[in-house]
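Per our numbering, numbering through the sequence shown is continuous, rising by one, with the last residue being 312.
To be clear, the hints were calculated from the coordinates, so they are not data collected in a lab.
Heads up, some of the hints might be wrong.
[To be verified] Result set (BS3-like, lysine-lysine): computed pairs, CA atoms no more than 30 Å apart in a straight line: (1) K191 to K92; (2) K82 to K105; (3) K86 to K63; (4) K212 to K82; (5) K261 to K121; (6) K133 to K105; (7) K122 to K63; (8) K86 to K233; (9) K122 to K105.
[Stated by the list, open to error] Quick list of simulated restraints, FRET-style, between CB atoms: (10) A230 to I101: 17 to 25 Å; (11) P35 to E123: 31 to 39 Å; (12) A277 to T119: 47 to 55 Å; (13) K283 to D176: 33 to 41 Å; (14) T286 to S48: 22 to 30 Å; (15) Y272 to K122: 24 to 32 Å; (16) T167 to M227: 39 to 47 Å; (17) G187 to R279: 18 to 26 Å; (18) A67 to T167: 16 to 24 Å; (19) Q231 to A304: 14 to 22 Å; (20) A277 to E123: 49 to 57 Å.
We treat Cβ as the ideally placed atom computed from N, Cα and C, and that holds for glycine.
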Amino acid sequence: MNRASSLLALLAVAACSRTPAPAGEPGAAKPDADPAPVASGNAPPPPTPAGATDCSTPSGLTCWRFDTPEAAFKHVLATDPLILAIGEAHAQKGSEKLASSTKRFMDSLLPIVAPKASDIVVELWIPDPTCKKETVRAVASAQKPVVEAQAETNQNEYVTLGVKAKAAGVTPWPLRPTCDELATVADAGADAVITMLGYVKKLTQDKVVQLVNRNRADAAAGKTMVVAYNGALHNDLMPSAQMKDYSFGPELERFAGGRYTELDIIVPEYVKKNPSWERLAWYPAFEADRAASKDTTKTTLYLVGDKSYTLVFPASPPSEKPH
């Protein structure tokens, strides 16, 4: 099995690029800050936030339950990030009745972050209209093994996210590969998917850096936070060896001088007992709670690492669950 094939199951859950979305373009830039120090893993556990209850595990994973997703999200925002990197698990085919991570973010969390965020970079892949049509078609064909497992509503929801962000005063930006970058993906053959993942990282990272630098240069800028909204492998602060080439987390964390917060947002019904989910640090605690039928009306927030969180939404209403 080649490397691309081994990633497909994970990518169907956590990565893809879609079209289209509204946009404009500031000038190019590159991260140039010195590396930030790595946080120590020997720090004492943080105190339980006000209004939350502790659900930490014997293995040491810090966990809190909040009454609402909004309360958990406000706790994450208290880390005061310059860059908030949100990763979602994409809606899968057959789950269309469930409110997706994107919809829940738009409805509940976007209104909270909008007063703080100037821009949101969304993983929407919009080719230059002057690119060769056969190249665009070849790239779309290369994506099929990933996107065919996903809900058909995903693309429209990302478009809606851009529209709602703009209405809330947050400027949305898509990913705009050049024709040469598209051609590189199209010519990659069996490695097209992993080549595209590398470009998702690069394009997102470059855009976030451009926007942060623009905000830094504008002394009158009222809002300085930039949000990145991607699949939940691109934002990892501590990516696995297999995924490190596709995550912008470590580089943007250094660029932001430590003011980078990773947040994955998860619909609990998406989580399955398979290797794609079992690799995640919070999965054993989640599965133990599910097996014990713990209170599913609460929002669970796992502290996976320093400024690295996973927010699991409350269980969906029975009327939304697939039969």
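Status of the hints after comparison with the structure:
For the suggested pair K191 and K92, the alpha carbons sit about 26 Å apart, so the restraint of at most 30 Å is met. With a CA separation close to 34 Å, the supplied pair K82 and K105 exceeds the 30 Å bound. For the hint pairing K86 with K63, the CA-to-CA distance comes to about 27 Å; that is within 30 Å, so the pair holds. Of the pairs offered as hints, the one joining K212 and K82 is violated, with about 37 Å between alpha carbons and a cut-off of 30 Å exceeded.
Between the alpha carbons of K261 and K121 the distance comes to roughly 40 Å, so the proposed pair goes past 30 Å and is violated. Restraint check for K133 and K105: not satisfied, since their Cα atoms lie roughly 36 Å apart, outside the 30 Å limit. A hinted pair counts as satisfied when its Cα atoms are at most 30 Å apart, and K122 with K63 does not qualify at roughly 44 Å. Distance restraint check for K86 and K233: the Cα-Cα separation of roughly 33 Å exceeds the 30 Å cut-off, and the hinted pair is therefore not satisfied.
Simply put, K122 and K105 have alpha-carbon atoms about 39 Å apart, too far for the 30 Å limit, and the pair is violated. Taking the beta carbon of each, A230 and I101 are about 35 Å apart, not inside 17 to 25 Å as hinted. Checking the proposed 31 to 39 Å range against P35 and E123 shows it is violated: the Cβ atoms sit about 54 Å from each other. Separation of A277 from T119 is about 53 Å and conforms to the stated range, judged on CB atoms against 47 to 55 Å.
Taking the beta carbon of each, K283 and D176 are about 50 Å apart, not inside 33 to 41 Å as hinted. In this structure, T286 and S48 meet the distance hint of 22 to 30 Å, their C-beta atoms being roughly 25 Å apart. Between Y272 and K122 the CB atoms are about 42 Å apart, so this pair departs from the stated range of 24 to 32 Å. Take T167 and M227: their Cβ atoms lie about 30 Å apart, and the range 39 to 47 Å is violated.
Restraint check, G187 to R279: a C-beta distance of roughly 35 Å breaks the suggested window 18 to 26 Å. Between A67 and T167, the C-beta spacing of about 39 Å breaks the proposed range 16 to 24 Å. In this structure the hint that Q231 and A304 lie 14 to 22 Å apart at CB is violated, the actual value being about 31 Å. The beta-carbon spacing between A277 and E123, approximately 51 Å, falls within the hinted interval of 49 to 57 Å.
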